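Asks: So the first sequence is numbered by the UniProt record's numbering: it starts at 1 and just counts up by one.
No wet-lab data here; the hints were simulated from the structure. In this text the structure is predicted, and so the values were computed from the model without any measurement. Errors might be hidden in some of the hints.
Dumping the calculated DSS-like pairs for lysine-lysine here, alpha-carbon to alpha-carbon at most 30 Å [what the hints assert, rightly or not]:
(1) Lys114 <-> Lys13
(2) Lys72 <-> Lys13
(3) Lys51 <-> Lys30
(4) Lys84 <-> Lys42
(5) Lys72 <-> Lys42
(6) Lys66 <-> Lys14
(7) Lys66 <-> Lys84
(8) Lys30 <-> Lys42
(9) Lys30 <-> Lys72
(10) Lys13 <-> Lys66
(11) Lys14 <-> Lys30
(12) Lys51 <-> Lys105
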Amino acid sequence: MVRAPCCEKVGLKKGPWSPEEDQILVDYIKRNGHGNWRALPKLAGLLRCGKSCRLRWTNYLRPDIKRGNFTKEEEDAIISLHAKLGNRWSAIAASLPGRTDNEIKNIWHTYLKKRANPEEEEETPASKKKKQQRDDAESKLKPEPVSSDSSSVVSASYSDLSSLDNDSGNVAREEMSFSSGKIGTFDERFWFESLWVDDSAESVDLTSFEAPPAAEEKGFWLKVFREAEDLENLTQERD
DNA sequence: AAGTGGTCCAACCGCTCCCAC
DNA sequence: AGTGGGAGCGGTTGGACCACT
């Protein structure tokens with residue numbers, strides 16, 4: 001059977017989005033949400049495929065997207081999660097608020113893969129330089145850790161964290177669940193907790209998401225690593 | 001200054017999954 | 001239970017940008 005095209009291709013625009021198109025899409029979603037991606041471009045007045053709109057929104061226009069360089073902690077989290085989850089970028093992205101699967105996939109192929117498996121591929125001078133630039137920028141931006149103790153926790157490996165006191169991260173593990181039993185799809189409660197959202201709210205409003213204060217970052221990453229551990233345990237149980 | 005090669009990242013493609021009917 | 005449509009996911013590509021020669 002021939003698969004139907006995702007949309008009527010004739011006359012639809014492809015390639016980079018213009019600021020005007022971005023504005024139209026953002027305005028429309030702000031007003032109406034994105035109930036049906038396929039119908040959205042027509043309703044919004046965009047000459048784009050619904051798929052393209054969804055991608056543009058999820059990877060670029062979403063208000064909760066965190067732009068800018070990945071921190072060392074984020075990179076370490078990606079490497080740890082990739083070791084556990086493999087190329088399941090969406091599952092990895094679910095543990096990194098504000099980061100998209102596309103972005104994580106890109107950064108992995110660009111240089112984290114090499115960092116994780118240094119024997120496979122030598123670092124090129126250019127990638128070394130780029131990394132140095134990132135490290136420099138990061139060291140200028142990043143505040144000093146509250147104490148040497150806390151910084152050691154943040155940079156600890158995933159496996160090291162499993163031995164830490166459960167209470168320190170205040171993780172309500174019994175509340176974690178996975179929708180449809182699909183590994184890597186987090187229950188909304190994960191976001192209530194991870195995004196510092198008031199859990200008395202009736203729904204998660206990601207547009208109001210703000211990155212945790214630096215002082216709370218440790219708890220956040222601790223939680224992320226723990227959730228990843230839960231994912232692994234769940235996978236083993238299922239197998 | 002021009003040419004070349006490497007890197008980065010936005011966007012597309014095609015496949016799979018999920019769900020309604 | 002089977003089918004079709006929509007959404008989501010991962011792989012891949014193309015072009016802009018930058019550094020080096």
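Asks: A separate judgement is required for each hint: does it hold in the structure or not?
Replies: Against the structure, the hints come out as follows:
1. Lys114 <-> Lys13: Roughly 36 Å separates the two Cα atoms, so the pair is violated.
2. Lys72 <-> Lys13: Cα-Cα ~38 Å, so violated.
3. Lys51 <-> Lys30: Roughly 18 Å between the alpha carbons, so the hint for Lys51 and Lys30 holds.
4. Lys84 <-> Lys42: Roughly 41 Å between the alpha carbons, so the hint for Lys84 and Lys42 is violated.
5. Lys72 <-> Lys42: violated, 42 Å
6. Lys66 <-> Lys14: Holds: Lys66 and Lys14 sit about 25 Å apart, inside 30 Å.
7. Lys66 <-> Lys84: Distance ~24 Å between Lys66 and Lys84 Cα, so the pair holds.
8. Lys30 <-> Lys42: holds, 16 Å
9. Lys30 <-> Lys72: At roughly 33 Å apart (the allowed maximum being 30 Å), Lys72 and Lys30 break the hint.
10. Lys13 <-> Lys66: holds, 27 Å
11. Lys14 <-> Lys30: Holds, at about 23 Å.
12. Lys51 <-> Lys105: holds, 19 Å
Going down the numbered hints, you'll see the structure goes against 1, 2, 4, 5, 9, while the others check out.
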